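Chemist: Please construct the entire structure, taking both the sequences and the accompanying hints into account.
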Amino acid sequence: MAFNILVVDDSETMRAVIKKTVGMCGVQIGEFREAGNGREALLVLEDAWVDVVLSDINMPEMGGVEFLREVKKSEVLRNIPIIFISTESSQARMDEVRKLGADAYVKKPFQPEKIRGILLEVLNKAYASRMTEEAGLPVATDGGDGADF
Amino acid sequence: MITDEEKRLLNLAAVEVFGTMYFTPVELLPELPAQDNWHLEAQYIKTEIGFNGPQRARLCFYFPRSLAVTIACGFLGMGPECEVEEAKILDTMREAANMMVGNLLGRLDPEGACVLGIPKAEVVADFSPASLAGGDVLALISDFGFIWALFGR
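Protein chains in written order, with the working numbering: chain A, 1 to 149; chain B, 1001 to 1153.
Simulated from the structure, these hints should not be mistaken for laboratory data.
Because the structure is a prediction, the values reported are computed rather than measured.
Built from N, CA and C at the ideal position, the CB exists for glycine as well.
Some hints here could point you the wrong way.
Claimed, not checked - If you want a taste of the chain B side facing chain A, the calculated C-beta under 7 Å gives, among others: (1) T1020; (2) F1075; (3) D1091; (4) T1092; (5) I1118.
Modeler: Spelled out as structure tokens, the structure:
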């Protein structure tokens, strides 16, 4: 069963890089959706089912923290895993989003292997039964690719 | 005025971002190069981003166009001399500045009390470091010539 993925970043090129990185993870991708900020991402989530969100924090109009708050307010959306990929690397910011319910945090700049490891870890945790249904699907390990929090 | 510690941290941020994301070595020079060695390009990509809070600064970077094109092509997984749209070059360099200053801020402000701004980027022609004012002028060396920076408060 394929996973629908939403990437939220105000940089089009960064979205393209993340898309390419996710495409190399070995996970079967269904719909790949994009949004330029949190507000656009909420509109995407209103229209389509998404299995996991990879989001930046520092964006115009609606940043990642506000977006996370809105998602967690919604009965329908609150269980969608959210991974932050952000240049904002202070421990305080990471603690803040973890407390708000983010599933993982990756600091920019990142190595593609790190995104891969964390995405697999989060998908395994959130959708264990679906992941095991897929023959030959890579399974995340604790090999040093863990989230930054 | 930029402190020695801020210079040291800016260098660490630049080295990490350019090395990890763009596979392009850069290094902040301890002193500005002599004018004879500037070898200015016809166009530069100017980016601007700041942060506010208990600490504040505004940084402008001037990237040689050849560096920006190479980085944008590599970042997008295209060949080294690909034809890339202007908007994507600006977007790539805006993100580079965002990552550098965000990385710097994470080092300067581990408590997260400061707020990072939204970066801007534009093409500038006839750029000269001699025209920079309102802060400290810095230079980073790269394989594509000098990246110039202006650090203001």
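Chemist: Taking the hints in turn, state whether each one holds.
Modeler: Structure-based check of each hint:
1. The beta carbon of T1020/B is positioned within 7 Å of a beta carbon in chain A (closest approach about 4 Å), and the interface hint is therefore held.
2. With a least beta-carbon distance of about 6 Å to chain A, the hint placing F1075/B at the interface is held under the 7 Å criterion.
3. Using the Cβ-Cβ criterion of 7 Å, the hint placing D1091/B at the interface with chain A is satisfied: the shortest such distance is roughly 5 Å.
4. The restraint placing T1092/B at the interface with chain A holds, with a minimum CB-CB distance near 5 Å, inside the 7 Å limit.
5. Against a cut-off of 7 Å between C-beta atoms, the interface hint on I1118/B holds, since the closest Cβ of chain A lies about 5 Å away.
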